[in-house]
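Chains as they are written, first to last, in the numbering used here: chain A, 1 to 244; chain B, 245 to 503; chain C, 504 to 787.
Think of the hints as simulated: they come from the structure by calculation, not from any bench. Since no wrong hints were added, every one of them can be taken at face value.
Chain B is nowhere near these chain C residues, computed Cβ spacing over 10 Å in every case:
no.	residue
1	A546
2	R547
3	I562
4	T573
5	A629
6	S672
7	L675
8	A677
9	T678
10	L688
Chain A side only, calculated, beta carbon under 8 Å to chain B, not exhaustive:
no.	residue
11	L51
12	R72
13	T76
14	F78
15	F80
16	S82
17	A84
18	H88
19	Y97
20	G98
21	V101
22	R102
23	R129
24	R145
Since we're looking at a predicted model, the values are computed, not measured. Where is the CB? At the ideal position from N, CA and C, for every residue including glycine.
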Amino acid sequence: MQIRLSGVSKQFGKTVVVRDVDLVIPSGKLTALLGPSGCGKTTLLRIIAGLERPDTGVVLTDEVDITAKPVRSRNTGFVFQSYALFPHMTVAENIGYGLAVRRRPKAEIDARVGELLALIQLETFADRRPHQLSGGQRQRVSLARALAIEPGVLLLDEPFAALDATVRRNLRRWLRRLHDVTHVTTVLVTHDVEEALEVADVVVVMNRGAIEQVGSPNEIRDHPTPFVRAFLDPEDDEPVLEAG
Amino acid sequence: MTLFGVTIVVLLPIAAIVGGLRGIDPATFAQTILSPRVLAAYRLTFGASLIAAIVDAVIGFLIAWVTVRYQFFGRAFLNACIDLPFAIPTPVSGIALATVYANSGWIGSITSRFGIHIAFTQLGVAVALVFIGIPFVVRTLQPAIEALPPELEEASSVLGGSGLDTFVRVLVPVLIPAWLAGFAMAFARGLGEYGSVIFIAGNKPGVTEIVPLVIMTKLEEYDFTGATALAVTMLAASFVLLLAINVLRRHMVSRQVAV
Amino acid sequence: MTRRRPHELALIATAVVIVAVLIGLPLATILAEAWQSGLGIYARLLRDPLELAALRLTIVAALLAVAFNTLFGLLAGWTLSRYRFWGKPALASAIELPLSISPVISGLGILLLVGARAPLGGWLEAHGIRIAFAQPGIVFATILVAFPYVAREFAAVLEQRGIEHEESSLTLGATAGQTFFRVTLPIARWALIDGILLCAARSVGEFGAVSVVSGNIQGITETLPLRIAALYNDYQTTAAFATASMLALFAIAVSWARSLVRGHLERRDEDAEQRAAIGASVAA
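Input sequences plus hints: build the corresponding full structure.
This is the structure in structure tokens:
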């Protein structure tokens, strides 16, 4: 499923967070939205999901205008930075939630949950509760939950930011492999340059609510714009990263 | 550690209650607590407190939800009113409730047209306890509702849940421990309530007598043994009940430490 | 979400109606009944010696209870949050006990301890000290039922605010006493005030325990709450409600004062959070 944003703007109070953005998210690819804190990447992601309404512009999936479509009918998968797993449900119940609210028969739900548990390699954890899992495990469950509804697009909001470095590296490689298997259009929001360049097919660099550059990881690395160059430079860990 | 020592000494009032309840004559104990009048009082006190606490749980949830989640004119005022049954001295509420729900009162006159008499009946006791218990449920639920992470609701919507789905499947279960806590407090308060109930109750032995009143009456008759026996059983029963509810609550909380 | 969905309106309306009927009506009744023959009732009451005696006793008992419980609360709150010792949870529960026991039972406990027939009580009487069915008993009962409020709030705020401020004070050379009065208390002042207000409200309004202990000797062991009951049972309805209205107004005033204090408390918590957040980002 291809996603197109056209002329999208959003402001909160007096702060313009997204500035007249035109962007195409190619179907079946893993796109990274990369940028410093406050550049608007998360807001853009939430607009795609329907969790925020753009002030101007339209959101189209496969050229169909879904700007006015409510969140729950958009069939997007969303993975939160804080996992947002339902604390009172087991892993299996969490994963099956999307199907349960669609009133699917129990057999179907159980089968699908089983598939996904195998996919995320947590088969023996079905009856555990979120607080019994490690951060990395919780994030995998969160992903499985989003995939269970067979979404047209998978949206991940800095999914690995709360995890420690090793787990982060492992999980993002695992995510890439998962993508290669499922081929779901995926949008990954991150501020971690390494992560974006390593994992994505397309990198979109944002700053202050606007798009700085779009390209493959190699293009970004080899032909960066001035801002992008400064952003990529690891020594420059500082105020250049400040946002609007 | 002189502070510690002083604290101990000053614990005397507490020791007063505990110590004072020794010296019970076991022979008359059983006789007292099993007399029909007392049994009727137990039934009324526990029954009315339970029903009132359940009603409070329902009403309290609604009020807590509305005052936390919705903005509307007069919200702050409404919220402040919730404290009143707790803040106002019990005999003040007591005579007010007795007057409002009497057959000639503002509410009583309406209900008695339908044959429902509130004052001087067991129903009156329950109604008074509902009044008293509301703040406990509301004030326990409000912080819990405020603490609900927005991501939980967003996650549910994104996964396709309707507003009702989200409420029933996600939010309410997360709120149950706090809800139970409020219920338990309202229940406990109802068991011991005296001043707000004795005016509306009618206090007919065997029918509309609450246990605290029976204790009072026995004291006035200098039946210290009887009064003590009753007090001890009340304490034991309340203790057991509340322990059970707390265990249940802790079990539920442990199953869902926030993630 | 400024668009109000219909079910929200219905819920709000229901909540408002419930509160109005359940809570509003009884309160309105108090005033309606008190003012039935006009506002002159208050003047009459304040000239009534029995009424004045009850007022005096209530105020004295409440003041003593607040003073005693505040002192104890400071000691107990401090001890509970700053020290480890065997039996700590038991002590904490014991302090909370008056909150969960019926006031009638508390009063009974006092009678059994210091009443004429009890060993301790008998000894006291032999020395000319009468507690039960006399004014000291009322004070005792009032202290008992309002016991935990200050201790709880003080202990809670001490736990929440942590020990760093006090530790800094000590490293800067202050004595324990100076630290307590210059650092600990000021930081905790809003929570303390809230606890004291609660304690005061409870003391003034106490009924069940003092009913047991007082003996209801008019003019001597009658507090205002007891007076209300006596007047009402005597069918002096207007006087009863007038007295009740005074207590109700006091209670409302205290509630309002508490809400102001809560505002201060919340602001303090936000500051603490902000400081923590800044600290974290500086360290990062």
